[in-house]
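Participant: Residue-level listing of the chains:
2 protein chains.
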Amino acid sequence: MKLRIFVTLKNGVLDPQGKAIHKALESLGFTGVNDVRAGKLIELDVADDTSDASIDEMCRKLLANTVIENYRVERA
Amino acid sequence: MKLRIFVTLKNGVLDPQGKAIHKALESLGFTGVNDVRAGKLIELDVADDTSDASIDEMCRKLLANTVIENYRVERA
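From first to last, the protein sequence lines stand for chains A and X.
Numbering of the first sequence is given in our numbering, commencing with residue 1 and proceeding in unit increments.
Numbering of the second sequence is given in our numbering, commencing with residue 1 and proceeding in unit increments.
No wet-lab data here; the hints were simulated from the structure.
Where hints are given, some of them may not hold.
Chain copies aren't distinguished; within one or between two, either way the pair holds.
Said to hold, decoys possible - Here are the computed lysine-lysine pairs in the DSS-like style, where the Cα-Cα straight-line distance is at most 30 Å:
| no. | residue 1 | residue 2 |
| --- | --- | --- |
| 1 | K2 | K40 |
| 2 | K19 | K40 |
| 3 | K2 | K23 |
| 4 | K61 | K23 |
Owing to the predicted nature of the structure, the values given are computational and were not obtained by experimental measurement.
All chains, please: the whole structure from these sequences, using the hints.
Facilitator: What follows is the structure, given as structure tokens:
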């Protein structure tokens with residue numbers, strides 16, 4: 001079973017990486033960019049019988065820092 | 001207009017970050033994980049009149065290294 005986990009910073013958390021990308025896009029001449037947020041995408045290939053609870057636990061224990069990050073799981 | 005850009009390593013390109021996550025999941029006791037690939041998720045908020053060509057150019061010039069990475073653009 002293929003999973004895609006999207007890890008994004010919570011609203012209000014400073015995102016220096018996103019800011020750097022934003023600046024770089026502007027310095028390359030791209031106009032009209034209002035905001036950039038950088039996040040992570042983790043693709044997992046897990047056994048078909050892996051439970052939702054187990055996937056959730058992986059996210060909470062390792063893949064996302066739930067103090068500052070949100071995560072979303074998508075089945076591919 | 002909100003865009004989500006998914007940047008993933010091409011098949012065959014070594015992914016040490018993914019491997020580290022895989023090992024960490026196993027050492028935490030999660031079984032049944034076959035493969036892990038790490039990628040990037042970049043959320044852009046751009047002007048509504050931004051052309052597809054311009055978005056593509058942003059990806060090719062800055063957001064993805066097309067030698068080793070694929071990218072996919074999704075309109076949110």
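Participant: Hint by hint, say whether it matches the structure.
Facilitator: Outcome of the hint check:
Proximity of K2 to K40 under the C-alpha cut-off of 30 Å is found in both arrangements, the shortest distances being 16 Å within a copy and 17 Å between copies. With identical chains, the CA atoms of K19 and K40 are at most 30 Å apart both within one copy (15 Å) and between copies (15 Å). Proximity of K2 and K23 under a CA criterion of 30 Å is satisfied inter-copy only: 18 Å between copies versus 35 Å inside one chain copy. Taking the closest pair of Cα atoms, K61 and K23 come within 30 Å of each other only across two copies (14 Å); inside a single copy the shortest separation is 33 Å, beyond that limit.
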